[in-house]
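Here my numbering runs 38 ahead of the position in the sequence shown, where the first position is 1.
FYI, nobody ran anything at the bench for these hints, they're computed from the structure.
For clarity, every value in this text was computed on a predicted model and none was experimentally measured.
It is possible that some hints are incorrect.
[Unchecked claim] Computed Cβ-Cβ distance ranges for the label pairs, DEER-style: (1) Leu-92 to Arg-58: 15 to 23 Å; (2) Tyr-43 to Leu-92: 14 to 22 Å; (3) Ala-151 to Arg-87: 13 to 21 Å; (4) Thr-40 to Val-67: 35 to 43 Å; (5) Ile-161 to Leu-92: 36 to 44 Å; (6) Glu-165 to Asn-83: 27 to 35 Å; (7) Gln-86 to Tyr-160: 35 to 43 Å.
Ideal placement from N, C-alpha and C gives every residue a C-beta, glycine not left out.
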Amino acid sequence: MTLSYPDEALGSVVLRWSVRGQLDPLLAVQAIRDGEVDLSRDILNAMQRAGASLVQLDKLASLWTSEWPKVAVGDLHIPPEGEAGIGKGCEVCLADDASAGRDHYLRNEWRLAWRVTCQRHYIALVEFAAAELMPVMIAGRREYRV
39 MTLSYPDEAL
49 GSVVLRWSVR
59 GQLDPLLAVQ
69 AIRDGEVDLS
79 RDILNAMQRA
89 GASLVQLDKL
99 ASLWTSEWPK
109 VAVGDLHIPP
119 EGEAGIGKGC
129 EVCLADDASA
139 GRDHYLRNEW
149 RLAWRVTCQR
159 HYIALVEFAA
169 AELMPVMIAG
179 RREYRV
């Protein structure tokens, strides 16, 4: 499984690994709080036990400490209190992921509160209620994508 995609939001990485059963959901919940991601040593160790290489984990840690986004927490889209939403996204981008054989993943640009349309497809972003494995057809075979 791909550890992370180039434009993937860090919280999306943790969600994908959790949904695939490669990371304890409790650790994932602890990692993602109020739109922020905290990569604790426990999470990195769990990801290593699940098969992530040290090179991959170094890359993930560099994403966490990178300069994107240079925005305040108030600029990030955070689902309303008490709702189980995971964020917003473009349904066409996610369909493109499935047809390319990739897991669905949340892009960094979708996290911005003021972003209401997909920069690539020029359609409205929609709110997603949960991350789960969904059956899709890829090259005539039934696969499951996050």
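Taking the hints in turn, this is what the structure says about them:
Take Leu-92 and Arg-58: their Cβ atoms lie about 20 Å apart, and the range 15 to 23 Å holds. For the pair Tyr-43 and Leu-92, the beta carbons lie near 19 Å from each other, so the given range of 14 to 22 Å is met. One distance hint, 13 to 21 Å for the beta-carbon pair Ala-151 and Arg-87, is violated here, with the actual separation near 35 Å. With their beta carbons about 22 Å apart, Thr-40 and Val-67 fall outside the hinted range of 35 to 43 Å.
Between Ile-161 and Leu-92 the C-beta distance comes to about 39 Å, which sits within the given range of 36 to 44 Å. A C-beta distance of roughly 33 Å is found between Glu-165 and Asn-83, which places it inside the suggested range of 27 to 35 Å. Take Gln-86 and Tyr-160: their Cβ atoms lie about 40 Å apart, and the range 35 to 43 Å holds.
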